[in-house]
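*Asks:* Sequence:
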Amino acid sequence: MIRHLVLFKLNEGVGRDEPRVEAGAKAFRELGALIPELESWEVGWNVSDRPIAYDFAINSSVADADALKAYLEHPAHQAGVAQWREFATWVLADYEF
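In our numbering, the protein residues as written are 16 to 112.
One should not assume that every hint holds.
Stated by the list, open to error - Cross-link-like lysine-lysine pairs, in silico, DSBU-like; alpha carbons within 30 Å at most: (1) Lys84 x Lys24; (2) Lys41 x Lys84; (3) Lys24 x Lys41.
As the list claims (entries may be wrong) - Derived DEER-like restraints, expressed as beta-carbon distance ranges: (4) Ala94 x Glu33: 30 to 40 Å; (5) Glu57 x Thr104: 16 to 26 Å; (6) Ala80 x Glu33: 30 to 40 Å; (7) Glu88 x Asp64: 32 to 42 Å; (8) Asp81 x Asp32: 35 to 45 Å; (9) Asp64 x Lys84: 28 to 38 Å; (10) Glu88 x Arg18: 12 to 22 Å; (11) Val29 x Ala78: 13 to 23 Å; (12) Ala80 x Arg31: 29 to 39 Å; (13) Asn74 x Pro51: 17 to 27 Å.
Note that these hints are calculated values from the structure, not bench results.
Where is the CB? At the ideal position from N, CA and C, for every residue including glycine.
Could you put together the complete structure from these sequences and hints?
*Replies:* What follows is the structure, given as structure tokens:
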């Protein structure tokens with residue numbers, strides 16, 4: 016299994032309540048039901064006020080490298096990424112477990 020973990024940081028001056036951010040969060044919340052290769056899917060807003068914290072997280076898993084590739088190339092994933100590119104940066108880790 017591969018864990019796909021992504022942490023998003025909203026760009027300076029961008030708020031969670033902006034319509035484009037709400038639409039981006041909604042797009043990612045819905046991915047879990049749209050992409051069959053996903054074995055698990057969790058998304059959510061950070062609840063910590065620590066200055067080093069990121070704002071939004073995706074924690075997911077897939078069976079193997081082929082499933083990860085299929086997820087990453089899926090049109091719904093690509094559409095969600097395009098939305099987030101407009102207002103955030105992110106870091107990720109893909110690791111076997």
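*Asks:* So, for every hint listed, does it hold in this structure?
*Replies:* Quick rundown of the hints versus the structure:
no.	hint	in the structure
1	Lys84 x Lys24	holds (24 Å)
2	Lys41 x Lys84	holds (22 Å)
3	Lys24 x Lys41	holds (16 Å)
4	Ala94 x Glu33: 30 to 40 Å	violated (18 Å)
5	Glu57 x Thr104: 16 to 26 Å	holds (21 Å)
6	Ala80 x Glu33: 30 to 40 Å	holds (35 Å)
7	Glu88 x Asp64: 32 to 42 Å	holds (36 Å)
8	Asp81 x Asp32: 35 to 45 Å	holds (38 Å)
9	Asp64 x Lys84: 28 to 38 Å	holds (37 Å)
10	Glu88 x Arg18: 12 to 22 Å	holds (19 Å)
11	Val29 x Ala78: 13 to 23 Å	violated (35 Å)
12	Ala80 x Arg31: 29 to 39 Å	holds (33 Å)
13	Asn74 x Pro51: 17 to 27 Å	holds (18 Å)
Of the numbered hints listed earlier, those contradicted by the structure are 4 and 11.
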